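Q: Chain residues, written in single-letter form:
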Amino acid sequence: MERIYLDHAATTPVRPEVLEAMIPAYKNTFGNASSVYSWGREARKAIDDARAITADILGAEFNEIIFTGSGSEADNLAIKGAAWKQQHKGKHIITSAIEHHAVLDTVKWLEANGFDATYVPVDEDGLVSAAAVEEAIREDTILITIMHGNNEMGTIQPVEDIAVLAKDRGILFHTDAVQTVGSLPIHVKDMGVDMLSLAAHKFYGPKGVGALYVRKGVRLDPLIHGGAQERNRRAGTEDIPSIVGLTKALELADSERREVKPRLIAMRDRLIQGLEQIPDTKVNGHRDKRLPNNVNVCFRYIEGESLLLNLDMMGIAASSGSACTSGSLDPSHVLLAMGLSHEVAHGSLRLTLGRSSTEADVDYVLKHVPPIVKRLRDMSPLYQA
Amino acid sequence: MERIYLDHAATTPVRPEVLEAMIPAYKNTFGNASSVYSWGREARKAIDDARAITADILGAEFNEIIFTGSGSEADNLAIKGAAWKQQHKGKHIITSAIEHHAVLDTVKWLEANGFDATYVPVDEDGLVSAAAVEEAIREDTILITIMHGNNEMGTIQPVEDIAVLAKDRGILFHTDAVQTVGSLPIHVKDMGVDMLSLAAHKFYGPKGVGALYVRKGVRLDPLIHGGAQERNRRAGTEDIPSIVGLTKALELADSERREVKPRLIAMRDRLIQGLEQIPDTKVNGHRDKRLPNNVNVCFRYIEGESLLLNLDMMGIAASSGSACTSGSLDPSHVLLAMGLSHEVAHGSLRLTLGRSSTEADVDYVLKHVPPIVKRLRDMSPLYQA
Amino acid sequence: MYTDKVMDHFQNPRNVGEIANADGVGEEGNVRCGDIMKLWIKVEDGRIMDAKFKTFGCGAAIATSSMITEMVIGKTLEEAQEISNQAVAEALDGLPPVKMHCSNLAADALQKALDDYKAKQSA
Amino acid sequence: MYTDKVMDHFQNPRNVGEIANADGVGEEGNVRCGDIMKLWIKVEDGRIMDAKFKTFGCGAAIATSSMITEMVIGKTLEEAQEISNQAVAEALDGLPPVKMHCSNLAADALQKALDDYKAKQSA
Ligand SMILES: Cc1ncc(COP(=O)(O)O)c(C=O)c1O
Ligand SMILES: Cc1ncc(COP(=O)(O)O)c(C=O)c1O
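The listed protein sequences correspond, in order, to chains A, B, C and D.
So that you can map any letter, position 229 of the first sequence is 229 in our numbering, and since no number is skipped, the others follow by simple counting.
So that you can map any letter, position 248 of the second sequence is 633 in our numbering, and since no number is skipped, the others follow by simple counting.
So that you can map any letter, position 102 of the third sequence is 872 in our numbering, and since no number is skipped, the others follow by simple counting.
So that you can map any letter, position 10 of the fourth sequence is 903 in our numbering, and since no number is skipped, the others follow by simple counting.
Hint data in this document are derived by calculation from the structure and do not stem from the laboratory.
Here the structure is a predicted model, which is why all the values come from computation and not from measurement.
In this text, a Cβ means the ideal position worked out from N, Cα and C, and glycines have one as well.
Among these hints, one or two may not hold up.
To be verified - Listed below are several chain A residues computed to face chain C (Cβ distance under 10 angstroms; list not exhaustive):
| hint | residue |
| --- | --- |
| 1 | Ile302 |
| 2 | Pro331 |
| 3 | Ala345 |
| 4 | Pro381 |
What the hints assert, rightly or not - Simulated pairs of lysine-lysine, DSS-like, Cα-Cα distance not exceeding 27 angstroms:
| hint | chain 1 | residue 1 | chain 2 | residue 2 |
| --- | --- | --- | --- | --- |
| 5 | A | Lys89 | B | Lys470 |
| 6 | D | Lys1005 | D | Lys945 |
| 7 | A | Lys216 | B | Lys493 |
| 8 | B | Lys493 | A | Lys85 |
| 9 | B | Lys759 | D | Lys898 |
| 10 | A | Lys374 | C | Lys888 |
| 11 | B | Lys646 | A | Lys108 |
| 12 | A | Lys45 | D | Lys898 |
| 13 | A | Lys108 | B | Lys474 |
| 14 | B | Lys759 | A | Lys91 |
| 15 | B | Lys430 | A | Lys108 |
| 16 | A | Lys85 | B | Lys476 |
| 17 | A | Lys374 | C | Lys775 |
| 18 | B | Lys474 | A | Lys85 |
| 19 | A | Lys108 | B | Lys759 |
| 20 | B | Lys601 | A | Lys27 |
| 21 | B | Lys430 | C | Lys822 |
| 22 | A | Lys91 | B | Lys470 |
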């Protein structure tokens, strides 16, 4: 059977070129980069080279990049690190209602431990407004964290505007750019952010490695204490092959973006337009301010997991903010925050395209989704044909 | 020039068999293990299989193993996770003066944030006594964390006795076994610990992955918040190749231990006996309760880094608790805690053997160290021949 | 994650549909939580002769719905009364832990359909 | 981490040893911090004719010790007085940031040796 992977927002396969760059590091560059002997110096050089390239692509300086073990760790380090470091200055944090759980649950944990938080709402397109963020600012606000591109419905947030607000008031601003690094051109200085998270496995790099950009002068408590690695900001023996892999993947994504992005946008829009033809279907997220690879729709009267299982039977890998895939009872907090009812939100489908996606994949999806939706609706007590 | 790697306590190369097991995972098992579709189920199966094997080798149950991004992260999760979760019960933590910084700096950070700590001392062999731990216990003690094998001078601690104490009083007991897993047989139930940390790169597995054993019933706050991975205890998309690599490395270490360990001990003891012949030399650590691969000596009148550089010039990779390798001014906190003077502690040399070490390596070291020590002493204003 | 039996019932659900003039109807679940099952039964001589369902819900919800219709057809009302959620899950060779609550859906809908039948009889 | 020049001076330190009946001796550093340098100078007609050192310390400490002896030999006392720790580090093509303090060691020991010479002269 054909297998079509349309869940690139969840994770992507490691590109052969990336794995090829990692294998020599696994075989030869195994030393502890803190050591004075030859193996240590070789390891140090490999990390330094990777850091220089990563910094350069993101428009950052060499010492502004901290390698981490994941995107989630980068988010946790940024938020907890800034919160603890500034706790004597203030305890208020601003975030949005549609953040990834790596941000949301981190802020909630801080709330349970003496901090205070405001969750700014979004409009029906899933957009955070800079004005709403501005309104939420208090005397004791120490951190604003608003994501760049939303992982579920793809809306891209006005982080540049929020960065200006934050800067004017001397408040740190972090953005979770896990969905946009690799996909959109990112220049941290132009964006004006103080911190920015990314994860290699979202752009054909390995899992188990991410990075946090931290502007020079921004001080954080470490999340992982111990050795002096990463200039005392993230302890642990450096994972050189993964760092090399992240860098190689970022280089490739950066050099190919001009060619890949319009191709993705064309397929994305064809998918959206095709799926919209199905009756009682709602497109979620902003039409233009949208990740190039993200399609998100809700089919009324049906539930997401049963839709995913049917798609899987046709070889199509997709995702849903459906409650039943996560074991919780509530559907996606993102779709609910956009004003969707529980009922409608339960029937969501996310398709995220990638480098290997083809027009034939789009045809295949547009051919197989409508009968599946029909079949499930015929089985649904909520649906009257 | 010959290159002899004698810093296996710092890190080890990935074994070819381990890399061979990881490459198919990099190529094929890239799915997000939380997803319902085929790629996701394949990823889930790979992790489940790895977890089952890891648990089995350590004498744990399937759900008692949490994969982490490093040994440091495992230590931080155990200590911060237990501290925050139990903060309303008490705020006192007991540890030892000779822990790795991943434990020590974590406890110090908690001290700076409202917790209380006691650092139990060690004797001149580097041994923590269970009696000293018992004396330190207070009404509000919530956690005891004492390492298994010391990374610098190799002394193995009486964790089984401490585990009994802790259990009797209903206090959680964590041990940092980063230096012993892979090297000594570890059975968590026999040891009686509640939590145990390990890191794959210490036993020929990849960097960037570790694990924490958490006894069923022990509850922790996550260190990294976000997705529901690792049963809500460690968020982040699972790094399958690294987890597979950790497991393969553990399996190999476990099956070869009977053959490798006596060989290491024989070489270790020959090295110690040979280096002891050099005048004004002190052997550090317990002679018998000692990691099979650890040699640690202090040469009076000389400083560690210049010794390491000279060894590197002869192709020998070694380590020192010397201050100058870390950029701080104080020598090893471990050697100082054992009662050594600053002056003597500065002249420490650690040689840690590994699978590839040979008797010829031992000969080589025993031939080249004495003239280097002599040369440095002749240059030292502290030395009178 | 799901057993072959669950997937079989999910892919080929038995007895989907409605029964016109059913002797008992039961509905359980709610839209908020993402699963609703409606079950129709036909009773003759104290025995369930037919059962049909419609379900909005996840794979486990659909499979347990299908399975329970198979289980009740041919059973007496007393026998049907005894069908527990555990029994439905077992008949499917088990359900993942997070999905066990879905088996309540089917057992509860059946209970309501039986109650509805009794209420109609005594009306 | 170290430049070739540092490694050269570390591997082949110039002027190791002591000077019997030196005209000036300076010692700097302490055992706690892990570096001590002792510097002997021989002065003739206001000019440093010879210099020797002994150092307990890291690679940078030994290399800066060696370098400073090379730098002072042949210099007048006034010229020697002007040698800064920065100049020593530069002569070695730089030192890693964490090692910059080691260059103080050599410059300070030289200072002390010059002071010692002056004290002896005026005694
Ligand atoms: C005893 C001990 N604990 C913790 C660690 C930290 O492990 P990692 O550097 O892999 O995070 C190490 C090694 O560096 C160690 O030897
Ligand atoms: C927006 C966003 N933030 C954070 C994460 C967490 O990344 P990871 O799972 O690699 O830790 C993800 C992906 O899962 C994401 O999409």
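Q: If a hint holds in the structure, say so; if it does not, say that too.
A: Hint check:
Below 10 angstroms, beta-carbon pairs count as interface contacts, and isoleucine 302 of chain A has one with chain C at about 7 angstroms; its hint therefore holds. Checking proline 331 of chain A against chain C by beta carbon gives a least distance of about 6 angstroms; that is within 10 angstroms, so the hint holds. Checking alanine 345 of chain A against chain C by beta carbon gives a least distance of about 9 angstroms; that is within 10 angstroms, so the hint holds. The beta carbon of proline 381 of chain A comes within 4 angstroms of a beta carbon in chain C, closer than 10 angstroms, and the hint placing it at the interface holds.
About 25 angstroms separates the Cα atoms of lysine 89 of chain A and lysine 470 of chain B, which keeps this hinted pair within 27 angstroms; it holds. For the suggested pair lysine 1005 of chain D and lysine 945 of chain D, the alpha carbons sit about 14 angstroms apart, so the restraint of at most 27 angstroms is met. Restraint check for lysine 216 of chain A and lysine 493 of chain B: satisfied, since their Cα atoms lie roughly 25 angstroms apart, inside the 27 angstroms limit. As the CA atoms of lysine 493 of chain B and lysine 85 of chain A are separated by approximately 15 angstroms, the hinted pair is consistent with the 27 angstroms bound.
Using a Cα cut-off of 27 angstroms, the hinted pair lysine 759 of chain B and lysine 898 of chain D holds, with the two alpha carbons roughly 24 angstroms apart. Taken as a hint, the lysine 374 of chain A and lysine 888 of chain C pair is broken in the structure, with Cα atoms around 35 angstroms apart against an allowance of 27 angstroms. About 48 angstroms separates the Cα atoms of lysine 646 of chain B and lysine 108 of chain A, which puts this hinted pair outside 27 angstroms; it is violated. Restraint check for lysine 45 of chain A and lysine 898 of chain D: the C-alpha separation of about 19 angstroms stays at or below 27 angstroms, so the hint holds.
Between lysine 108 of chain A and lysine 474 of chain B, the direct Cα distance comes to roughly 21 angstroms. Compliance with the 27 angstroms bound is thereby established for this hinted pair. Pair hint lysine 759 of chain B plus lysine 91 of chain A does not hold up; C-alpha atoms about 59 angstroms apart against a cutoff of 27 angstroms. With a C-alpha separation of about 32 angstroms, the suggested pairing of lysine 430 of chain B with lysine 108 of chain A is violated against the 27 angstroms cut-off. With a CA separation close to 21 angstroms, the supplied pair lysine 85 of chain A and lysine 476 of chain B stays within the 27 angstroms bound.
For the hint linking lysine 374 of chain A to lysine 775 of chain C, the alpha-carbon distance of about 24 angstroms falls within 27 angstroms, and the restraint holds. For the hint linking lysine 474 of chain B to lysine 85 of chain A, the alpha-carbon distance of about 25 angstroms falls within 27 angstroms, and the restraint holds. Straight-line distance between C-alpha atoms of lysine 108 of chain A and lysine 759 of chain B comes to about 61 angstroms, which puts the hinted pair past the 27 angstroms bound. Proposed proximity of lysine 601 of chain B and lysine 27 of chain A is contradicted: the alpha carbons are some 37 angstroms apart, above 27 angstroms.
Note on lysine 430 of chain B and lysine 822 of chain C: the hinted pairing is violated, with a Cα-Cα distance of about 36 angstroms set against a maximum of 27 angstroms. With a CA separation close to 21 angstroms, the supplied pair lysine 91 of chain A and lysine 470 of chain B stays within the 27 angstroms bound.
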